[in-house]
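S.K.: Sequence:
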Amino acid sequence: VDALCSARMTAETDVPNQIQALPQNGEVRATAAVTVNAPLAEVYAFWEDFQNLPRFMGDFASVEISDDRRSRWSLTAPAGMTLDWDVEIADVNANQRIAWQTAEGTALNASGEVRFRTAPGGRGTEVVFDTTFNPPGGELGRKIAGFFAEALGTKVGNDLRRCKQLIELGEIVHS
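Last residue of the sequence shown: 933 in our numbering, with the numbers rising by one and none dropped.
Hints are computed from structural coordinates only; laboratory data are not their basis. Do not rely on the hints blindly, as some may be mistaken.
Below, computed lysine to aspartate or glutamate pairings styled on EDC-like, alpha-carbon distance capped at 20 Å [to be verified]: (1) K913 <-> E871; (2) K913 <-> D888; (3) K913 <-> D817; (4) K913 <-> E785; (5) K913 <-> E884; (6) K913 <-> E929.
Based on the provided sequences and hints, a complete structural model is requested.
M.R.: Structure representation (structure tokens):
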């Protein structure tokens, strides 16, 4: 009975069971999910403030908020390079979803969303992060991105686990 109940409580139809990163049509898509042991409203409020991103996404140097729909993100790339791009909030559904996309005229073409829902059995909040980007550099950039797609999926999963620690513990545990 316990096994049957557990299987039913954890049945997830629209949340990936593992980290995924797939190059598709020249785009790279990364999806990951985590369950955070905190109320949905608290988790949503943490994500709603994009300035929290550099706290758990290791590559982010900064996020500067321009207004309620626009921000400028800065990422530290390999070889000490810095990439900057403007982001616009595309859609918000309070306590359920935040979607964004790069602003028109930005060199990087990317979009993403983070979805929230109460975890089965009242175990906190499920967070699903899904992002897609077209790498710069034309065909060569797409080929290189294809090689790194799996690493990107792992990175997104690691970022979500750090986010979980930050929300649940107030700090990121390093061993």
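S.K.: For every hint, state whether the structure bears it out.
M.R.: So, going through the hints one by one against the coordinates:
Distance restraint check for K913 and E871: the Cα-Cα separation of roughly 16 Å lies within the 20 Å cut-off, and the hinted pair is therefore satisfied. Proximity of K913 to D888 is assessed by CA-CA distance (about 12 Å); at most 20 Å being required, the pair is judged to hold. Taking the CA atoms of K913 and D817, the gap is about 10 Å. The hint holds against a cut of 20 Å. Under the criterion of a C-alpha separation no larger than 20 Å, the hint pairing K913 with E785 is consistent with the structure, at around 17 Å.
At most 20 Å may separate the alpha-carbon atoms for a hinted pair to count; K913 and E884 meet this at roughly 18 Å. A C-alpha spacing of about 19 Å is found between K913 and E929, which places the hinted pair at or below 20 Å, so the restraint holds.
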